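> Residue-level listing of the chains:
Number of protein chains: 4
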Amino acid sequence: MNTFGKKLRLTTFGESHGKAMGGILDGVPAGIQLSMEIIERETARRRPGQSALVTARNEKDIPEFLSGLTDGMVTLGTPIAFMVRNTDQHSSDYADMERLYRPNHADYTYDMRYGIRDPRGGGRSSARETLNWVIGGAVARQLPCMAGISIAARIVSVGGVADSMEEMMKVVAQAKKDGDSVGGVVECVVSGLPAGLGNPVFGKLHARLAEAMMSINAAKGFEYGDGFAAASQHGTEQADIFTSQDGKITTLSNHSGGIQGGISNGQDIVMRIAFKPTPTLLRDLPTVDKAGHPATLRAKGRHDPCVALRAVPVVEAMAALTLADMLLER
Amino acid sequence: MNTFGKKLRLTTFGESHGKAMGGILDGVPAGIQLSMEIIERETARRRPGQSALVTARNEKDIPEFLSGLTDGMVTLGTPIAFMVRNTDQHSSDYADMERLYRPNHADYTYDMRYGIRDPRGGGRSSARETLNWVIGGAVARQLPCMAGISIAARIVSVGGVADSMEEMMKVVAQAKKDGDSVGGVVECVVSGLPAGLGNPVFGKLHARLAEAMMSINAAKGFEYGDGFAAASQHGTEQADIFTSQDGKITTLSNHSGGIQGGISNGQDIVMRIAFKPTPTLLRDLPTVDKAGHPATLRAKGRHDPCVALRAVPVVEAMAALTLADMLLER
Amino acid sequence: MNTFGKKLRLTTFGESHGKAMGGILDGVPAGIQLSMEIIERETARRRPGQSALVTARNEKDIPEFLSGLTDGMVTLGTPIAFMVRNTDQHSSDYADMERLYRPNHADYTYDMRYGIRDPRGGGRSSARETLNWVIGGAVARQLPCMAGISIAARIVSVGGVADSMEEMMKVVAQAKKDGDSVGGVVECVVSGLPAGLGNPVFGKLHARLAEAMMSINAAKGFEYGDGFAAASQHGTEQADIFTSQDGKITTLSNHSGGIQGGISNGQDIVMRIAFKPTPTLLRDLPTVDKAGHPATLRAKGRHDPCVALRAVPVVEAMAALTLADMLLER
Amino acid sequence: MNTFGKKLRLTTFGESHGKAMGGILDGVPAGIQLSMEIIERETARRRPGQSALVTARNEKDIPEFLSGLTDGMVTLGTPIAFMVRNTDQHSSDYADMERLYRPNHADYTYDMRYGIRDPRGGGRSSARETLNWVIGGAVARQLPCMAGISIAARIVSVGGVADSMEEMMKVVAQAKKDGDSVGGVVECVVSGLPAGLGNPVFGKLHARLAEAMMSINAAKGFEYGDGFAAASQHGTEQADIFTSQDGKITTLSNHSGGIQGGISNGQDIVMRIAFKPTPTLLRDLPTVDKAGHPATLRAKGRHDPCVALRAVPVVEAMAALTLADMLLER
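Sequence lines, in order, name chains A, B, C and D. Sequence positions in the first sequence follow my numbering and run 1 to 330. Sequence positions in the second sequence follow my numbering and run 1 to 330. Sequence positions in the third sequence follow my numbering and run 1 to 330. Sequence positions in the fourth sequence follow my numbering and run 1 to 330.
What the hints contain is simulated information worked out from the structure, not anything from laboratory work. It should be emphasised that the depicted structure is a prediction, and the values quoted were computed from it without experimental measurement. It cannot be assumed that every hint is accurate.
Identical copies look the same in the list; a pair holds intra-copy or inter-copy alike.
Said to hold, decoys possible - The calculated lysine-lysine pairs, modelled on DSS-like cross-linking and capped at a C-alpha distance of 30 angstroms, are:
#, residue 1, residue 2
1, K19, K248
2, K19, K7
3, K7, K176
4, K248, K290
5, K176, K248
6, K176, K6
7, K6, K177
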């Protein structure tokens, strides 16, 4: 279960403290000129260590492409393999992890699932995996089927504060100071998507997007259009009345978030994803060890007070991979 | 894209105003005694026409099984095919549909997707498709891998009212009287699921559940555990502290909704799905016809003021299909 | 594992002595006018009981279509479900089967696989399943992507005799008289397939065809082009020299059977499939019962002295399903 | 289409003259101690340059594992990524390939399929891809589900000569001397496979094996049991009579090749694969260039007079991947 997509398939590998992260992107058409700058720009957006507010892991995160491209970055129609070696592993920071279960982390469930965990770190559950997705998404964005489609995500609330970016950053800074963390909501808007993408039963456009977004670490909820707010309203309030503009059928409002019956209607796709606060806190926490004995988890290591901030480019990457996959599938 | 599941696969067919609905459930192990009563009980829960508050379509909805079972309803390990003939079609009610686009319905997007629509009715976008899912889910619930697992959904708010079932029903009754409709939220709790189900990257337990739930007609949002509320909180508020009870590792709280890192932790799975108000209103509405000319959609036909009510058994069915699929896949 | 194809997917059901055979064909584009005559013609070609030489089971084998089509047989783009009720079941003929293992039949292996067998007959291992494939193939042949492509199979040898159809029929008649059976080879030629269909690694055109053909009951071997004979030759004998004809690149010979490197080259696809003699003989045979005790299998029931004869339309159907799937996938 | 398998999935990458070959093997259970020696032994068996009779490309072909394993080669249950850098590329040998179509090679069909070819060499159509399969197969052989199962392939005829290995090698040596090449047949026997593996409809054991074997470069035919010879025989000659030995049901003969109705019966699986002569000859050959103009392909470069010889470990690898996949799927 390390493959995402049907026609455009990203298969990934890499434990956070293993030798390398990477993946194979299969299904990319031949003859497309890719830009390495776009790929590096996206991995840079995701990279930790960009500001005092995000975790200090400092890796260049520039992929080496192993196949699928000419020397001049033109696609051959063959699988595109890429790899980023892990250089800054600090696995000693994670010594306790082998022994103790961290609250809200995947340590315990991972043990229940596999019976073995990479002694060097967070294994496949680490957010470092999302680097692979951002690289895949950066390629997906450049495909001809995505021409004219813009995907833009931004943080819309942090810890319940939605006023301004400045106010949100204050909440994050305070959490960092307190050794605490804070949740947030990311909104993603897709413009320029043609009408008619999606399926009426399984494979609904919003079901595919929900699956993609809920794959991102720390995601707790997904909604599109008016989402949960629509559940509090009446049909008369939610009706997107059809009209004709310049000979083109459109709607007067977009409560639907650009999707009706699982199929895009040509309006902007609007979706929001809720992220929980990072479970890693710079505080001592009570827990148990593998044998179930009480223990104390000592605060140390890197600390990322708000994963929602770093999720922004990941949300865009997963949207790009999902939409390119569905567009190629048509 | 009419197949759901990987190891337990439900492939469905049927236009709402065609000859029949039905499906093939593949992957059911051999030698299991099924109960027809459980299947009929579930289709009865979903059936319209049970009360004054839900739409009056009155079909028995009892499936005929065509294969996969002995005469005594023991599974043969071969595909289980079932069929429900459509007897109450009233396609004349839908005459306008061929010509006019109903707001928030799939009429327009369906035309964009296929270029042809079943002139007899809602095609595959109709909620009648969920009958197939309820039948599949009723079989899935009876599989040995589901023993000891309970799945219980209930409506938790209607039009923003969450006080009591009585208060919620008043809101629905008022909407019906007004020719209006109202949204609602369904909560589903899964108890008894063993720890270790799910995957750490793609195929996360909550991503699979999100995809399943977002496939249900009128679903607008999905969350698990504290969901969107978690995005407003701090890590210190969300920590599910591990403890030992009777030699078993458990947590003191369940903000996680029973899933950490995409894998079940043995606690209850808790999820909520937001449903929008039914787009069909008993009011005249402005719209356009296929050529884009202004038109009026006349109020008539059946009316279901709150689809969230009928979604309750559908949510359970999709949970059963998803979990049985993942349990068989292990 | 009852689904064939990726983009055009046929999911089938039915035990030979159950209520019905049938399937769901998903992935058919919308707006295609289908001909019921073509479908009935193909099922008639496959039908037993056409001559004294093939088994006497006498069913009409005309499918009822349950979905996916307008009343006038125009496709809706939705799944096409069909069903043929089993009317002539004679399950009493099969009473011994519950107890005794027939040589070269699937009785024993089926028990090893499922632990339960349909007490009424051959279950899913029966050649009656190929009726579903012929119906699916008859639809596939009519798709626009198949326009200009002809698929023609014929028997090329029976019991080692390849002289003329008359000689071959003598061999079959003699086998029937002797209560014996005889194997045969079917050749299938596909003309008009454009160059460029297939894949260079997995999903090679001939690998997909091999998988399809080896799915047919009693198939023992598959080859394309010069096949096994090529293994006895030298490269200088096998070279298909390129040339230009009327400005089009073609080859002077077709040892390759129309496929190079897994991809079609525009020449005729030529393949041959070996079928073993029917294992059912009208002779008493020694065998064992389920407990392993020696027993005698009494000769009785229907008898089909050469399954290869009836395989001809099935080979064409599987070719049509495979090629249409791959053409739609492009 | 660069993924093989369902539960055990090998996704591969690499152009023969690109930077590296490699793959991701997903679905390997956790906690298995792998042996690097077994992997190196298998890649060495496949490696060119071992004798005067096979092509002189001289690469070490030892994979670097990038993920999925502890430092001590214990599997983590996560995807196992591996890579072999291409060091001996000699792409100048292939200069003509850009311009001229080589008979029976994939040059022309590849152009028809993709419209672009790796200017550095054979792209994905090269037999170098099978290195990835041998590495994957060497891991598959070591899985616990394969314990007690032996897979042994050997060459049984070369250019029609089947007398002795010595005689066959003479045929190859003569072909090499003549700048010619010669075909061959590889037989593979699987012992120890339990009864009950396979499926009665699609996914028949022999259909899966046929697909796997026909994926190997230069494969032209596949048969199991008596194969094409069975098509020349009568049912009385082919009957594998059941008997009881030491309380275990077995058969007196194995015309079936260990498979009945698509499911293993506990006898040895016996299959044969026909390979055509290498299309590369050390002789000048007439051909056309991309524009269709007559041209001469000059003899040069490496020359492998009998690919069937090198196919032996590849046949075993594909058998191992297929069987491990199906055993894990059960």
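> For each hint, tell me whether it holds in the structure or not.
Consistency of the hints with the structure:
| no. | hint | verdict |
| --- | --- | --- |
| 1 | K19 to K248 | neither (54 angstroms within a copy, 35 angstroms between copies) |
| 2 | K19 to K7 | both (29 angstroms within a copy, 25 angstroms between copies) |
| 3 | K7 to K176 | neither (42 angstroms within a copy, 43 angstroms between copies) |
| 4 | K248 to K290 | between (63 angstroms within a copy, 11 angstroms between copies) |
| 5 | K176 to K248 | neither (50 angstroms within a copy, 34 angstroms between copies) |
| 6 | K176 to K6 | neither (40 angstroms within a copy, 43 angstroms between copies) |
| 7 | K6 to K177 | neither (44 angstroms within a copy, 46 angstroms between copies) |
Checked against the numbered hints above, the structure breaks hints 1, 3, 5, 6 and 7 and satisfies the rest.
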